[in-house]
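Asker: Put the two chains together into one complex, using the hints given.
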Amino acid sequence: MHLQEIVLDIESWKTQLRKGAAELVVLAALEKKPLYGLAILQTIGEDSGVGVSEGSLYPLLNKLRKLGRIESEWVEDEGATHPRKYYQLTKDGRENLVAMRAAWAQFSTGINAILEA
Amino acid sequence: MTTPTPLPTHSAHYLAKLAQALSSLPDVERRSIIDETKAHFLDSFMAGGEDALERTIQAFGQPETYAANFIETAQIRAAVSSGSIAGMMKHTIFLAFTSLWYFIAALLAFCAYITALGFALISILKLFTPGEIGFWMWSDREQGFGLIFGSLSGSSPASPEILGYWVIPISAALCFLTFKLGNWLVRKTLLRRLGTN
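Those sequence lines, one after another, are chains P and D. Numbering-wise, the numbering used here comes out as the position in the first sequence, counting from 1, plus 811. Numbering-wise, the numbering used here comes out as the position in the second sequence, counting from 1, plus 23.
I should point out that these hints are in silico values taken from the structure, not numbers from a laboratory. Wrong hints could be hidden among the right ones.
Said to hold, decoys possible - Subject to a maximum C-alpha distance of 30 Å in a straight line, what follows is the list of computed BS3-like cross-link-like pairs (lysine-lysine):
no. : chain 1 : residue 1 : chain 2 : residue 2
1   : D       : K113      : P       : K877
2   : P       : K874      : D       : K61
3   : P       : K830      : P       : K902
4   : D       : K61       : P       : K896
If we strip away everything but chain D, and leave its shape as in the complex, we get (with noise of 0.2 Å):
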């Protein structure tokens, strides 16, 4: 190699700015980042000179904004790689406020969690107060049609509770399933975020 230029300050400033907005990244990805930044302004200064450098330091924006992009990427991928339900949720969220269909995505796993949530206690109240919680089905002419699979609240349907104990692994079981599912629409929407369906 021959002996490399030296870039105009204002870009050295650039660069140790972009290095502050990416120290929340590993030491050799924001290393990296740095290093391919730097090339592409020498390439620029020797090809056009000090003008060429100018525009396309305008064109890279301000070094907050396009390290955002970097760190952006690699926090959805360290959450999507952990698992991290918290993790996940929290940048579906943030998602959420980018366009429609991210927005109903983290509606419905938002609604999963919940539906889960009341799963789960309808499956620890039934060993505390099992006369309130269980499921009952009814069908006459005078309380006409109805079901409840959950907690009473008030009087009680004319019909007997219908599943007993039983209410609680099925409660389980249904638990975990909306649980799985609001982690498979979070992790879908992070995945498509990240261009990969």
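So that you can see chain P by itself, here it is in the shape it has in the complex (with noise of 0.2 Å):
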């Protein structure tokens, strides 16, 4: 296989990847407080390699409203130019979100088990 041939497959594989983590990634990021889009970007952090972006967070985000898991509300902000629609966790949100959370760390404990061995 060309070298270029496993890049383009291992990109792919992280992408399937990240898709996996998207939802557990944005709901963490609601945990501790109401937020709105960008705002959820910034604590993801552009450097985390997760690679949630603006063209797939708010589809996401729509999703997850739709399934109960997170609620939202336009709010104007004090001193902004412009209202902000700001995400929460509903209690199935953070019912989802503790048990996503211990299947991630179960499977990256398995999968770490494996490499290291």
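Answerer: Encoded structure:
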């Protein structure tokens, strides 16, 4: 296999990995306090490698809201020139976050054990 | 609130194209998506100027592609809520081209629906050609073992037909069950796509 094909394969794999983790990452970002879209991205961090971009964040937030895991409201922050849509976890969202966090810990422990063997 | 900040022209063009691409969505939902996108553009512009805004617009991608994410979710949700078989099958077929799991689910659903149709035809045809529709089972040295639930063509087996007109309600029941199985598979597939398992 050529190097370019190997790189493309790894990038494709990483994309699938990011997609799988995106919901957990967004729910975790909202754990401590309500945030609006740009603030969620800043909390996740551009350099985190998680790969949640503007193009994927809002469709994901829309999906999570329709699933009842987060709720939203428009807020006029003091000093802001425009209202912002803030998101926060629902009770269902917090329960999902706890379950996903536990599943992730188990998964990553298992994978690390195999890689280090 | 302080005085609203005007956005550069090219971002206004993006929002206009986005509005057009989202035209199939209900007004309230479309307006909410556009308002939120505009708010994000404003935050980005105020934080980092035109360069930051340009990077943000690039990150959103083409307005049609960005809109497609919302439209697909809305259409699938509408199809599942309405229970429309045609609507659900249409989206299931689209999904079949995206991954092996969806392809297998779509294929199984299709097989279930075709089987249901077959059972329905057996029920109906029994009324018109009772001698050729039914259930035969045989096991002997000459013909070996065999069973037919459905239609005969050509020579009849030596054994008599077993169910008589009972084949009508039995076929109707099997039609109902396989049809429900097809519905369940299609619904399960679409709910998986929506993230509800």
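Asker: Each hint needs a verdict: does it hold in this structure or not?
Answerer: So, going through the hints one by one against the coordinates:
1. D:K113 with P:K877: At roughly 22 Å apart (the allowed maximum being 30 Å), P:K877 and D:K113 satisfy the hint.
2. P:K874 with D:K61: 19 Å, holds
3. P:K830 with P:K902: 23 Å, holds
4. D:K61 with P:K896: 11 Å, holds
Of the numbered hints listed earlier, not one is contradicted by the structure.
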